[in-house]
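> Required output: the full structure, derived from the provided sequences and hints.
Single-letter residue listing:
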Amino acid sequence: MASGTLYRGREGMWSWVAHRITGVAVYLFLLVHVLDTALVRVDPNLYDTVIASYKTPIVNLLEVGLVAAVLYHALNGIRIILVDFWSKGPRYQRAMLWVVMAIWLVLMVPGAFFMLRHTVEKMLGA
Amino acid sequence: MSLETFSAPRSGAKSRTNFEMLSWLFMRISGVVLVFLVLGHLLIMNILDGGVQRINFGFVAGRWASPFWQIWDLLQLWLAIIHGTNGLRTIIADYAPQKPGRQVRFWLQTVLMISAVFVLFAGTLVIFTFDPTIG
Ligand code: HEM
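For the protein sequence lines, the chains are W and R, in the order given. Using the numbering used here, the letters of the first sequence correspond one by one to residues 1 to 126. Using the numbering used here, the letters of the second sequence correspond one by one to residues 1 to 135.
Just so you know, the hints here were simulated from the structure itself, not pulled from any lab data. Certain hints may be false.
[Stated by the list, open to error] What the simulated footprint calls covered on chain W by chain R, stretch by stretch (three residues with Cβ under 8 Å from a Cβ of chain R suffice, anywhere in the stretch; the number is not a length):
id: 1; segment: 22 to 30
id: 2; segment: 51 to 63
id: 3; segment: 71 to 83
id: 4; segment: 87 to 98
[Stated by the list, open to error] Some chain R residues close to chain W (C-beta under 10 Å, calculated; not the full set):
id: 5; residue: Phe-26
id: 6; residue: Val-60
id: 7; residue: Ser-66
id: 8; residue: Ile-91
id: 9; residue: Val-119
id: 10; residue: Val-126
[Claimed, not checked] Take a look, some chain R residues computed to stay more than 12 Å from chain W by CB distance:
id: 11; residue: Pro-67
id: 12; residue: Phe-68
id: 13; residue: Leu-77
id: 14; residue: Lys-99
id: 15; residue: Gly-101
id: 16; residue: Trp-107
Since the model is a prediction, treat every value here as computed from it, not as a measurement. Cβ atoms here follow ideal geometry from the backbone N, Cα and C, with glycine treated the same way.
Put into structure tokens, the structure is as follows:
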């Protein structure tokens, strides 16, 4: 092929890179999150103090990033499963990536709105 | 070189292949279940009804009063940790060099497995022994 390979540097590769990065990032967060939740077994006040940090503007923004990462990984994961098990999956893998990105965007816009609403209102003094 | 000099396939090879096949299948089955558990969890905890702002000890106590959420969280914990740990096992095998004398890969895999078992144990213990009256 004149343009090089069918995989390297094209959507197929980048969707895989993103799947890998989001998988690792979500996993690392999960390890921390199980441990912070375990504080409910230690001391209710300590738990509330730690959870309060989740409500600060910067961590709130990171939560939007976490949801964005999980949502991409989940939608692209379904795409991978369809490529593997659906007879027409390999033929539509490229179209399905666009569908994944469209669904991701449509869900992220209202999601980010509701996640950030309180933080923004507080910053604006509403 | 005559054909007789080739060694027979080692017995370990077959079971290894079978394990990787099961692991491949597990990633897909757990993935389908995690779509509902994890996206449901994020929707409830971060988006609906005030999101993270309303979470505190009392909120957790209210949820875990119900066996439904206890089982949800337990299943989610086990599937996500095993799925994620198995994914990381693959990634370490892809990137960590396996050079003679340097056992980077072995130690990374060991740290990964110890962390996973520890977190799985801690999380399970907390769900089973949660006490809303402490403190
Ligand atoms: C929400 C639903 C999820 C779906 C549908 C899903 C689906 C998948 C699929 C299909 C794979 C590919 C496995 C392979 O190539 O053999 C995968 C890999 C992976 N997943 Fe998930 N997953 C989900 C959630 C999670 C969560 C919560 C975590 C973290 C705890 C995670 C971490 C990983 C990692 C680290 C990999 C390895 C990536 C790689 O090898 O490149 N996944 N996932």
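> With reference to the structure, classify each hint as holding or not holding.
Status of each hint after checking the structure:
no., hint, result
1, 22 to 30, "holds (count 5)"
2, 51 to 63, "holds (count 5)"
3, 71 to 83, "holds (count 6)"
4, 87 to 98, "violated (count 0)"
5, Phe-26, "violated, 12 Å"
6, Val-60, "holds, 5 Å"
7, Ser-66, "violated, 15 Å"
8, Ile-91, "holds, 7 Å"
9, Val-119, "holds, 5 Å"
10, Val-126, "holds, 5 Å"
11, Pro-67, "holds, 17 Å"
12, Phe-68, "holds, 18 Å"
13, Leu-77, "violated, 7 Å"
14, Lys-99, "holds, 23 Å"
15, Gly-101, "holds, 28 Å"
16, Trp-107, "holds, 18 Å"
The structure fails to meet hints 4, 5, 7, 13 from the earlier list, while all remaining hints are met.
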